[in-house]
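> Okay, so the sequence shown: first residue is -1 according to this note's numbering, each after it adds one.
It cannot be assumed that every hint is accurate.
Straight-line Cα separation of at most 25 Å, BS3-like style, residue types lysine-lysine; simulated pairs [as the list claims (entries may be wrong)]:
| id | residue 1 | residue 2 |
| --- | --- | --- |
| 1 | Lys61 | Lys113 |
| 2 | Lys2 | Lys42 |
| 3 | Lys61 | Lys2 |
| 4 | Lys1 | Lys61 |
| 5 | Lys42 | Lys113 |
Here are the in silico distance ranges between beta carbons for each label pair [stated by the list, open to error]:
| id | residue 1 | residue 2 | range |
| --- | --- | --- | --- |
| 6 | Pro14 | Ala76 | 46 to 56 Å |
| 7 | Ala81 | Asp30 | 50 to 60 Å |
| 8 | Leu117 | Ala15 | 23 to 33 Å |
| 9 | Val88 | Leu66 | 22 to 32 Å |
| 10 | Val3 | Thr58 | 18 to 28 Å |
| 11 | Asn108 | Ala80 | 37 to 47 Å |
| 12 | Asp118 | Gln64 | 16 to 26 Å |
I should point out that these hints are in silico values taken from the structure, not numbers from a laboratory.
Glycine is no exception: its CB is placed at the ideal position from the N, C-alpha and C atoms.
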Amino acid sequence: QGKKVGMVGDGVNDAPALTQAEVGFAIGAGTDVAIESADVVLMKSDPYDVLGAIELSRATLRKMHQNLFWAVGYNVIAFPAAAGVFYPLVISPEVAALAMSGSSALVAVNALLLKRTQLDGLG
């Protein structure tokens, strides 16, 4: 059906299931085997933290898509300008450096906005 399987465990009897699932969540108080075999390690023993981890991963993917959009938009404009396609319009190196710095700053600020994400299950 195209759905993902996640497994939450402490590693006592479920370490093989953690490795077989698409996403394995290990309880932080679990065994070393669980921590090594899992994709995500929950620091507390609260199962509701799984919801927060999923929401954080979705928010991170959204930010990656947004940053990719801004980077492609910048490059669609900047590369032809640097190649001289807009020949009568000449951009000085200082302005080009400022535009590149602004693009990097925009990506960094957008990534910092992840801190504002409300996570279900995390307190």
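> Indicate, hint by hint, whether the structure satisfies it.
Now for the hints, and whether the structure bears them out:
1. Lys61 x Lys113: Distance ~11 Å between Lys61 and Lys113 Cα, so the pair holds.
2. Lys2 x Lys42: The hint holds at about 23 Å.
3. Lys61 x Lys2: 21 Å, holds
4. Lys1 x Lys61: Roughly 23 Å between the alpha carbons, so the hint for Lys1 and Lys61 holds.
5. Lys42 x Lys113: 20 Å, holds
6. Pro14 x Ala76: 46 to 56 Å: Holds, at about 50 Å.
7. Ala81 x Asp30: 50 to 60 Å: 54 Å, holds
8. Leu117 x Ala15: 23 to 33 Å: Given a distance of about 25 Å, which is inside 23 to 33 Å, the answer is holds.
9. Val88 x Leu66: 22 to 32 Å: For Val88 and Leu66 the Cβ distance comes to about 29 Å; the hint holds.
10. Val3 x Thr58: 18 to 28 Å: Since the Cβ atoms of Val3 and Thr58 sit about 20 Å apart, the hinted range of 18 to 28 Å holds.
11. Asn108 x Ala80: 37 to 47 Å: With a Cβ separation near 24 Å, Asn108 and Ala80 fall outside 37 to 47 Å, so the hint is violated.
12. Asp118 x Gln64: 16 to 26 Å: 21 Å, holds
Going through the hint list in order, the structure does not satisfy hint 11, though it satisfies all others.
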